[in-house]
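Novice: Using the sequences and the accompanying hints, generate a full structural model.
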Amino acid sequence: MLSGTVTSLTVVLIVIFLFKEGLGVFDKKPVEDGYVIALNKNNPVQKLSSEQIKNIYDQKITHWSELGGKPDSIVLFRLEDISNFYSDDEIGANFEGLPNCINRLIDSLPDIIAFFPDKYLDKNFKGKQLAVDKISFKEFFGGKEWFPTAQPSAQLGVLPLILGTLWVSLGAILLALPLGLAAAVYMSEIANDRVRRIMKPLIELLAGIPSVVYGFFGLVIIVPLIQKTFNLPVGETGLAGSIVLGIMALPTIITISEDAMRNTPRAMKEASLALGASKWQTIYKVVVPYSISGISAGAILGIGRAIGETMAVLMVTGNAAVIPHSILEPVRTIPATIAAELGEAPNGGLHYKALFALGCILFLITLFINLTVEFISNRNKYNKH
Amino acid sequence: MNKIESKDVNFFYGASQALKNINIAIKPNTVTALIGPSGCGKSTYLRLFNRMNDLIDNTKINGQVLIDGDDIYAKGVNVDSLRKKVGMVFQKPNPFPKTIFENVAYGLRVNGISDKKLIEERVETSIKQVVLWDEVKDKLKKSAFELSGGQQQRLCIARALAIQPSILLMDEPTSALDPISTAKVEELIYELKTKYTIVIVTHNMQQAGRVSDTTAFFYMGELIEHDNTKTIFTNPKIERTQNYITGRFG
Amino acid sequence: MPDENKLAKSKKRKQAVAFGIFRILTYSIVAILFIILSFIIYKGISVINWNFITQMPTEGMTKGGIFPAIVGTLCLVAGSMIFAFPVGVLAAIYMNEYVKDGIIKKIIKQMTNNLAGIPSIVFGLFGMSLFVNKLHFGDSILAGSLTLGLLALPVVIRTTEESLKAVDNTFRHASLGLGATKWETTRRVVLPIAFPNIITGLILSIGRVSGETAPILFTVAAYFLPKLPTSIFDQAMALPYHLYVLSTSGTDIEATRPIAYGTALVLIIIVLIANLLANGLRKYFGKKVKMN
Ligand SMILES: Nc1ncnc2c1ncn2[C@@H]1O[C@H](COP(=O)(O)OP(=O)(O)OP(=O)(O)O)[C@@H](O)[C@H]1O
Ligand SMILES: [Mg+2]
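Protein chains in written order, with the numbering used here: chain A, 1 to 385; chain B, 1 to 250; chain C, 1 to 292.
Keep in mind that a hint or two might mislead.
The calculated lysine-lysine pairs, modelled on PhoX-like cross-linking and capped at a C-alpha distance of 20 Å, are [stated by the list, open to error]:
#1 B:27 with B:230
#2 A:279 with B:75
#3 B:142 with A:285
Rather than coming from a laboratory, the hints here were simulated on the basis of the structure.
If you're wondering where the values come from, they're calculated on a predicted model, not measured in any experiment.
Specialist: Structure (structure tokens):
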């Protein structure tokens with residue numbers, strides 16, 4: 001009895017663990033635990049968003065007036081700047097004077113913004129600590145920058161990752177669909193039994209090759225080829241990812257759509273041929289329309305395979321977390337981001353949770369794909385009594 | 001001249017012989033019924049006339065099948081054109097997953113007719129021919145699956161007629177239908193005889209008696225007897241035919 | 001009506017062109033497969049020898065063999081199958097022999113499908129948060145095996161189910177008719193008949209599991225270990241992860257290339273053997289079990 005429900009149980013557990021960690025991201029502030037951002041106590045600015053903080057430190061925002069404050073230019077302060085203001089003696093050999101120094105500095109400079117560990121916060125601190133917003137849904141899904149280790153404020157916009165994933169998968173499916181459908185038609189309708197018996201295991205083999213091996217092959221063959229052909233600085237591009245993923249999606253597309261076409265009732269095909277239609281006419285006028293839902297299921301599952309694929313993409317796409325403008329630029333997908341960054345993300349921290357949130361997105365996408373396929377094939381059954 | 005003629009036809013599925021030395025001549029504008037116990041080769045024989053058995057791997061035919069005097073298994077014969085001339089209706093209604101109109105238009109389209117008016121005309125006459133027009137004229141754009149089984153079968157006949165064949169092959173065309181639909185199809189066969197040569201496979205003795213001019217009795221791949229339907233049913237020359245018809249073996 | 005001969009000719013020509021294109025496209029897929037295989041075999045074959053298989057990596061993984069990675073992968077395959085095989089087979093038996101058709105069966109089916117559709121990196125995340133962190137297994141063979149086992153579960157369930165379905169119902173009825181209980185019937189009649197196909201499924205899942213990287217990244221895989229694992233709570237190296245490391249982040253990528261080719265070839269060989277074995281078995285026992 002328990003064994004019967006083991007898969008359901010696993011799915012439920014996966015959902016619980018994934019979402020517990022993933023949703024935790026919205027409970028966190030983008031400024032790392034143990035750090036504070038402080039202003040002079042006379043500064044009217046009370047609150048800053050993660051993006052504003054980043055823009056300040058990137059010097060894209062240079063005046064407090066842009067943030068609703070006084071029309072003065074912002075003075076940036078990071079811990080390492082301290083020696084510009086105080087001597088080593090004042091700071092002390094073991095930084096015992098540091099809190100005091102920072103306190104005095106903030107108090108003396110009305111336009112300062114300071115970022116430092118909270119252990120250096122003076123007991124009678126005269127500045128004010130800045131309230132930082134928690135990460136919002138809007139920031140997370142609409143943010144255009146993914147830079148989770150940025151100091152002082154992490155940037156967690158998943159938009160480039162989502163777009164990167166869709167971009168690469170779309171390219172993959174555009175490459176794989178014509179090839180895969182042609183092979184499916186060929187195997188189910190044109191080739192004789194002998195050819196079919198040879199082809200089947202070959203397609204299965206294609207499905208069986210591990211994704212690292214595809215990634216490795218892509219890295220040593222396809223990437224240099226793309227670099228040379230298009231004369232690029234690097235060959236690790238979205239295109240390389242699409243090609244590798246396209247190859248990997250082939251078996252799914254072929255197997256499922258071939259199955260669907262083979263399920264076309266013999267009577268239907270015979271009726272067409274008996275009316276003087278050629279075999280080719282029968283294929284595109286009867287077999288393909290009849291099995292169209294199975295064919296779309298194959299295509300959708302192929303996309304699903306591409307979206308979820310990790311290692312091969314990680315190895316060939318160059319992993320730049322920016323919104324791609326062409327297929328000849330490096331891109332980064334959701335799974336590749338998780339694989340590349342989870343190892344360095346401190347357990348339970350903001351980055352860690354953000355990666356789990358990415359996992360949630362991935363999970364939801366694939367769930368959606370599965371249910372769509374299920375829906376399509378159910379509707380199909382109903383249509384054909 | 002005979003419309004269809006088969007001379008010493010043997011047919012094999014792989015190594016097993018399904019038809020043995022069949023000789024039959026069929027006159028134009030007649031209905032010929034093929035009867036016999038299950039597995040005796042009726043369908044196999046019928047499907048020789050439009051080369052439908054070509055679709056099955058590992059089959060072999062020898063002997064001659066002549067239609068209008070030409071050997072249809074000769075080299076260089078275009079099978080698509082042959083099938084245009086020899087229409088077929090199957091045991092179970094098998095409309096395409098298309099509209100009623102497109103089902104009938106299908107044969108015209110695949111045979112290179114694109115003149116819209118001509119297609120509409122042909123579709124209408126064909127559907128009228130099978131006495132279905134009044135029932136479907138308002139829903140030609142609806143899926144053919146929405147019709148009843150009997151209507152579907154008549155639609156399939158209309159589909160076959162639209163490309164104006166001269167021969168119509170029917171493999172148990174009423175076995176999936178209710179009595180009323182069956183009666184309609186039988187009536188139709190009787191009327192179509194004036195224009196077409198019809199070969200029909202049936203398990204229903206009364207049906208064979210009602211619609212056919214001649215009847216051929218098959219047994220285990222052999223043609224036992226072929227004669228006027230009346231003769232076969234009232235006065236067969238061979239005892240086995242008699243036994244079959246009177247139901248003494250099945 | 002257009003001229004009969006012209007029409008026939010044009011139909012033939014169109015068909016020939018279309019079929020020609022399909023044939024070329026299909027063969028190009030075969031060509032892609034062969035290019036990948038032959039490239040890796042060609043580059044890897046000169047690297048593989050007895051020492052490569054049985055020695056530890058040396059000199060920053062630019063020399064020596066891949067023995068610990070092979071051992072690690074063997075451990076993981078064994079570990080995951082010890083978990084997934086019995087559980088999966090039992091689940092399939094339960095589904096196929098005991099649950100009646102209906103809403104429950106549908107839900108279970110749907111869940112199995114969903115599980116099969118979850119990307120492997122998500123399994124990795126899950127394995128990390130449950131086994132590594134929550135249950136405090138740490139990065140270990142145990143955590144990795146369990147994660148891989150969950151991933152393989154749908155494969156085992158599906159192949160087993162199909163082999164059970166292939167068993168003719170008359171066998172069941174005959175046995176039940178003789179007064180055997182359902183479980184006895186399953187154990188003594190159904191399982192023995194379905195056994196070869198179930199084994200085929202097992203082999204296929206082994207092939208699948210041995211090549212998976214994403215689920216083991218954060219649950220067990222080690223970049224480099226100077227010694228072999230001694231317990232299930234140790235970290236281990238693994239072939240697919242080793243290939244990833246060698247091809248992207250080795251100390252000297254050019255110098256590690258040959259080893260990478262060798263590792264890729266070893267992986268390919270495992271997959272090839274699994275596929276050949278499965279196909280051979282299938283042919284031998286004459287019944288079909290679906291892959292993937
Ligand atoms: N595709 C096939 N492959 C091999 N043998 C076949 C095939 N189709 C029919 N046969 C065999 O050929 C013989 C004749 O079959 P056929 O279908 O012509 O019989 P039938 O008279 O139409 O029977 P029924 O009345 O049941 O339709 C049978 O023994 C059958 O098993
Ligand atoms: Mg028959």
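Novice: It remains to establish, for every hint, whether it holds in the given structure.
Specialist: How the hints compare with the structure:
Restraint check: the Cα-Cα separation between residue 27 of chain B and residue 230 of chain B comes to about 16 Å, which is no more than 20 Å; the hinted pair holds. Proposed proximity of residue 279 of chain A and residue 75 of chain B is supported: the alpha carbons are some 19 Å apart, at most 20 Å. Among the hinted pairs, residue 142 of chain B with residue 285 of chain A is consistent with the structure: their alpha-carbon atoms are about 18 Å apart, no more than 20 Å.
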